[in-house]
Structure formats: structure tokens, C-alpha cells
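A.B. asks: Starting from the given sequences, assemble the full structure and let the hints guide the process.
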Amino acid sequence: MTLVRRIGTVLLAPALALLIAVVISAVVMALLGVDPLQVLKVMVDLGDTPSQQITAVVAILNRSLPLFLAGLAVAIGFRMGLFNIGVEGQYRMATIMAATIGAAVTLPGPLHVLLIIVVAMAVGAIWAGIVAVLKVTRGVSEVISSIMLNTIALGLASYLLTGPFRGSPDGASIVSTAEIGESGRLGGLNGVFDLLGLANPPRQLYGFLPIAVLAGIVVWVLLQRTRFGFDLRATGLSPSAASASGVDARRMVVKAMLLSGAIAGLVGLPDLLGRTYEYNSDFTSGLGFLGIAVALLGRNNPGGIALAAVLYAFLDRASVPLQAASLPSSVVTIIQGTIVLAVVVANEIARRVSRRAAERSSRQSGGPVPEGFVTATAHSPAIASEGTS
Amino acid sequence: MSTAVTTGTAAPQRPPLVRRLLGARGVQRLWLAAAVLFVLLSLVRVVSGQDALTSSSVMTAALLLTSPLLFVALGGLFAERAGVVNIGLEGMMILGTWGAGYAGYQWGWAAAIVGGLVMGALGGLLHAVATVTFGVDHTISGVAINILAAGVVRFLSESLYTGRDDGAGITQSPSLSSKPPSFSLPVLSDGPDLLGKLEGHHWFLVSDLAGIVRGFTTDVGILTIVAVLLVPAVYLLLWRTAFGLRLRSCGENPAAADSLGVPVYRMKYIAVVLSGALAGLGGVVLVFVANIYREGQTNGRGYIGLAALIFGNWRPGGLTGGALLFGFADGLQLRSRSAVVALLLLVAVILVVVAIVQFVRRRVLQGALAAVFAVLSLVGYLTIDELPTGIVSFTPHLVTLLVLSLASQRLRPPKADGLVYRRGEH
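These protein sequence lines are chains P and Y, in that order.
The first sequence begins at 508 in our numbering and counts up by one.
The second sequence begins at 1188 in our numbering and counts up by one.
What the hints contain is simulated information worked out from the structure, not anything from laboratory work.
Note that this is a predicted model, so its numbers are computed, not measured.
There could be a bad hint or two in this list.
To be verified - Using C-beta positions, here's what the derived DEER-type ranges look like: (1) Y:S1446 - P:S861: 24 to 30 Å; (2) P:R734 - Y:E1439: 37 to 43 Å; (3) P:E866 - Y:G1295: 55 to 61 Å; (4) Y:R1597 - P:I856: 36 to 42 Å; (5) Y:L1396 - P:P746: 29 to 35 Å; (6) P:E686 - Y:R1609: 55 to 61 Å; (7) Y:L1347 - P:T669: 32 to 38 Å; (8) P:A832 - Y:D1406: 17 to 23 Å; (9) Y:L1589 - P:Q559: 52 to 58 Å; (10) Y:F1430 - P:V860: 31 to 37 Å; (11) P:E686 - Y:N1486: 50 to 56 Å.
What the hints assert, rightly or not - Output of the computed footprint for chain P on chain Y, the stretches with three or more beta carbons under 8 Å from beta carbons of chain P: (12) 1323-1334; (13) 1484-1493; (14) 1584-1592.
Here a beta-carbon is modelled for each residue, glycine too, at the ideal position from N, C-alpha and C.
C.D. replies: This is the structure we're talking about:
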């Protein structure tokens, strides 16, 4: 298969899904008397002057970072057939702990940031580890336990914020932790725009961008180029085959959840280190659930997840201008939700079409369908589907 | 484990009357467990002096909070017994609350019920189309429906409720135009209120029983009665009719069911749409409680209902126990924060029993773990006066997690639960 054709088939399903989602959302809007074309116009309008446009691009990139990390965390679980629905709780706990410890110490620049990152990853991993331990020792479904742990994390975070970790004075309108010192902050990357000769926007591009990219590369190498990654993907595609070839399934569950939780711990850091410097009651929420959608749209592959994250960030950015134009901003959520459904349906249809094509070609060549091939495609869960690599 | 059925079924050998009244052995054990729990609760109340533990006001709140969970869990039962995992219950419940608010403010409470049912059923239909027709992974479809439902209700409210002067807005509907009826048991809980007087004495066991009975028979909403009646009705439908057998066969072995002429796809569709309608009805209860639709009203109850279903081993009797447990914890944290601390004492006592049982069975590690946690809860009970709100808010979730981690290994889900069934591929 040529490269063009390969890329074409990989992109076909998500592109089709996007189209279906937009059409369905447009129909819903039209039914309720909202002009879909006007909504679309506001969504793609990034601004009139170059400065406004760059600002919009920065906003999209900044928003896409946490979405990318959340998608990455979910994808690690998906690759081995685990559903980490608990990213929401994992990053909440990680962010509040990292913010508090980061504010309590003063270290030389890079070390301070490193400490905050390490704390966040450790807390995320521990919170996810509870799910893994309950699953392998007590057989509790990871879906249910992580849903419960999400609520527990929210309650615990709100208790810690108003109680022991409170850094804001009494009577402040927003309760927050203490601010992280200058050495623990990541500066913006706006120098890039000067280098490229573009207008320098008032909003700072998060300094976490290279770290997120690095995380994506590390995860890709880990999953695709190491023994651990092979075992993990093998367990996802066929647990029985993997355990027959000597993979300890229980240990893999724990390892995968710890890794997923560690990445989930990073989700809150772009905002924490680049903008707020504190955890407060207004901290960005809902990233964990959006991460599931992003992982699905990106087909569990770091490159695809990055594209999906940018797309979701683009949709998210539109909600403010939509409100300004007195259009229902919830259209964004509807499109995002419809995309998820459309993408899984499209994946499923694509899988069926390719299966039928394989059957047909094998029938034409006269030979029987290899038994293993058909059963593997028929039974492998859609969520463990392989990406391009 | 099966639910008590006292109505005559044409069994070839009829067991003696007493046994028939008490039900099968599993049910007897359930009754025994409930009795032991009641005595323990009463004991803890006397020792801790927290009268709220078994007071009628807490019990009324508990029953009120149990009924939405019952609807959701019964909804989940239909879907999962037909082999479709339904994480989307939360989203269907959200749709139900919106439908109830929209229909209720215009045409009163009866319309609200219809509105909730219809909106929930639509959510179920979407799940059925995705999972049954398109063969999408059940959990993913459910999560998508949850995201979608939140967006849809926000969008509907934004389109229909903005720019009005009757209190409606993006996050809430106008108030319902009529209140649903509620009932109290005459003489005992109403009027002379004999049970109320008995409860006021705070006698060991007697007053506790009076408090519980009074709580369960005071101002009971019409939907709560429906929820309680639905439990045996669903049991009879799923375990005593041909329809139920066919539906359950789709969740155990769809290929075999198909070969025997059961319309598997159609059964799954029916089950999932019913599931959504019941979840929507759960949402209606919440709207009735507040007399208004508010965004975020469900507050994760769809997930809790699902947990109750799993906790109850995918059986009507069991899920009722799970829903009651959760409703009680929720009602308690709502009515009295200090009484929640007394729960720690109850947990300590139960864990001591668990530890002893584990030691007797020579499982030293489990026994030691239980003992350590028992000591911890006891210390917690003795040192903490009142838990902060942030922590109290997740008591029910923590209880669910604890119970699941203690009981999960004995559970048996329907065999083909969550598996995508394609005709001719198996």
C-alpha cells in the first residue's frame, strides 16, 4: 500500500466522523431556529488583525496542551483495553498537591519546576494506582472505581483547598492555594513569534509546550519501540494470547495504570505553571472526560491525539465569541459529543468494510481466510485499535 | 440470591408455607443480614448518642434519595441483562431531568413524568443505535452520550429559556406548575402520629424501628411508591415470563438465543430504550424534589445507580440493597454531619467481624488488613467531632467503593455483558 493511500485510509474515518458531526449539529441547530451558517462563521473567524489572529492561535494551542496530555493518559489505558475514566480525579489531586508543594519550597529555577512536575506525576500515578490495585486484588471494575474516585478527588480537593492548603486570605472571592514563587513558573514562549517575524500577541504561549511534546514522544517510543509497549499492546489486542506468551496480565494492569496516572498528573500543569500559579476553586475542569474523546478521535496514537486536541481546542475557543454574538455556546459541547459518537461509529464501519474486503480478496485468490486473522479482527475491541505506526 | 415471591407460581413441588413466605435460602440470609445490620445500627446509635442515625427525618430523606437510584439501577438491569453495558445512564438521567422540567412547568406533574420518560428513552434509543446496530464499544458510546446529554440540555435551555422573566435561565427551568401528590400512613405516621411519639423516647431497638417505619411512611412521593413497586414487578417480568427469559438469554448467550429464534437485536433495543426511560424517570424524581429543573441536578447519580446494580449482583433484590445503602449514606450526610462520624463506629464494628472471620479462615493478611482499618476507623470516631463538608459530600461514594472492594469477587455479571453481538460473526 502506498504511503498516500495509507494516510488516506487512516484519516478517512475521523474526517468522515467530523463531517457527520457537523451535519448532525447543524440539523439540530436549524430545528431550534439557530442559523448554523452564522455559528460556523463565528467559529472559524479568528479575528481581523494579525495580532488578533495570533492571539487566537495562542489560545487554541494553550488549550490544546492539557487536552493532549489527557488524551495521551486515556490512550495508554485504551491500548491495553483498560478504560481510565478517572483522569479527571487524577489531575485534580495531582494539581492541588503540586501547587501546594511548589508554593511551599523555593529552589533554583529548573529544579523547582522539575520538583512540581515530579510531584504531579507521582500523585497522579498513586491515585490511578488505587484503581489498579483494586482491580487486580479485588476484581473491582476500573470503570466504577475510577468514577467513585473522581467524586472523592473532587470532595477531597475542595476540603484541602478550604482547609489545610488554603493560601488566600479569608473573605477572598476565590479560594486558592498559596502562589508558586517566581522560580517555579514557566515563562512564555512568545519569543518564537518574534523569531518568525509575526506579531507578538498580548497572551503568552505556555512554556509547557515542549514538555508536552516530549511526553508525547516518550509515550510513543515506550509503546512502539520497547518490550513493555509490545506487552501492553499485546495484552490489549488479545489478553489470552499475551498471557500464554508469558505476559503477567496483573502486573501489566498496574504498570499501565501507573503510567496513565503519571501522564494524567501533568494535565493541570500547563495552566498551573503558565497562567494561574495556584490551584483555585475555578481551576479548569472536565479535561478528563474531554481526554477520552480526544484519545478516541486520535485513534490512541500520539500524533493523532495531538491533532484531535488542537481540533477540540479550536472548538472550545469558539464558545466565547459565540456568546458575544449571542449564539448558544453549548453548540460546542454538542459538536464535541457528536464527534465522539460519529468517530466510533465510523471506525466500526471502516473495520467492517476492511474485513469484508479482506474476505473478498481471499475468496478471489482461492485460499481460505486465515482463521486467526478473521477472529482477531472480529473480536479485537475497537478501543484497542492500532494507529498508523 | 433471589427476591421473595409470595404469589403462587406453578412449581411442581410446593415448599411449606413458612419457607414460601421467607423465600429461598439466599433471601433468608438477606433478611438475617438486614436484621443484624439493624441491631448494629441501633447499638451504635445508643453508644454514640447520635439519634439522627435512625431518625425518621433521615429515613425520609434516605427513601427520597433511594428512589432515583432505584429507577436508574432498574434501568441498568434491563440493559445489562440484555448484554448492553450502560454507562450512559447518567446522560439519560440528565435528559430526563430536562424533559421533566420542560413538560412540568407547562402542563404539571403528570406531564413531567411523561417528559422525563420520553427524553430518557430517546437517550436510550441513541445508545441502542450505536451499540446494537453499529456495534460500537458500549462504554465509549455511554461516555459519549453523557458528554452529549450535558451539551444538549444546555443548548435546549439556552434556546428556550433565555430572555424570560419567570425565573428561567440557561441553568434552570421555570417552577413546575403543580406539585405531585404524596402520601402518609394515617394514624401511625399522620394525625395521632403514634410512631413519632414512640420514636421520641429513644428506646433501644423499639424507637429505632419506629423511626425507620415512620420515615418510610411519611410524605412518600408518588414516584417513590412506583419505584418500590417496580422492584418486584421487574423481578416477575424478567425471571417469571417468557419475555424476561428471552431478554436475559440475549445477555448470557446471544448466539444461542438467536439460534432458538429470539430476535436478539429487537430484544436489545427494547431493553436499552426501557433502560433509558427508567433512568429518565429517576431524573423526574430529582425534579420533583426541587420542584424545578436545575443544571447538574443529577450530580453523578446515574453512575451511583450503576454501582448499585453491580453491587447488587445484577439482581433486583440486590440492587435495592445497594440503592438503599447509598440513599441512607446520602440522606445522613444531608441531614446531620455529626452523625456521619458515628458511621465510622459502625464500620469499625463490621471490620472487626470481618477480621475475625478472616483469621478463622486462616487468611492472615486479609484479617490483619481488616483489623488495621477497624482500629483506624475507631480512632477516627473517637477523635473527630464533625467532618468538613468537602469530605462528607463523598461519604456515599467511599462507602460504595469499600463495599465493592469487599464484595466484588463474588459477583457474576451476565455472561455476554458488554460484548458486541453481530449476527453470524460468532
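A.B. asks: All the hints need checking, so say for each whether the structure fits it.
C.D. replies: Against the structure, the hints come out as follows:
no. : hint                         : verdict
1   : Y:S1446 - P:S861: 24 to 30 Å : 28 Å, holds
2   : P:R734 - Y:E1439: 37 to 43 Å : 39 Å, holds
3   : P:E866 - Y:G1295: 55 to 61 Å : 57 Å, holds
4   : Y:R1597 - P:I856: 36 to 42 Å : 40 Å, holds
5   : Y:L1396 - P:P746: 29 to 35 Å : 50 Å, violated
6   : P:E686 - Y:R1609: 55 to 61 Å : 56 Å, holds
7   : Y:L1347 - P:T669: 32 to 38 Å : 36 Å, holds
8   : P:A832 - Y:D1406: 17 to 23 Å : 47 Å, violated
9   : Y:L1589 - P:Q559: 52 to 58 Å : 53 Å, holds
10  : Y:F1430 - P:V860: 31 to 37 Å : 36 Å, holds
11  : P:E686 - Y:N1486: 50 to 56 Å : 32 Å, violated
12  : 1323-1334                    : holds (count 10)
13  : 1484-1493                    : holds (count 3)
14  : 1584-1592                    : holds (count 6)
Comparing the model with each earlier hint shows violations of hints 5, 8, 11; every other hint is respected.
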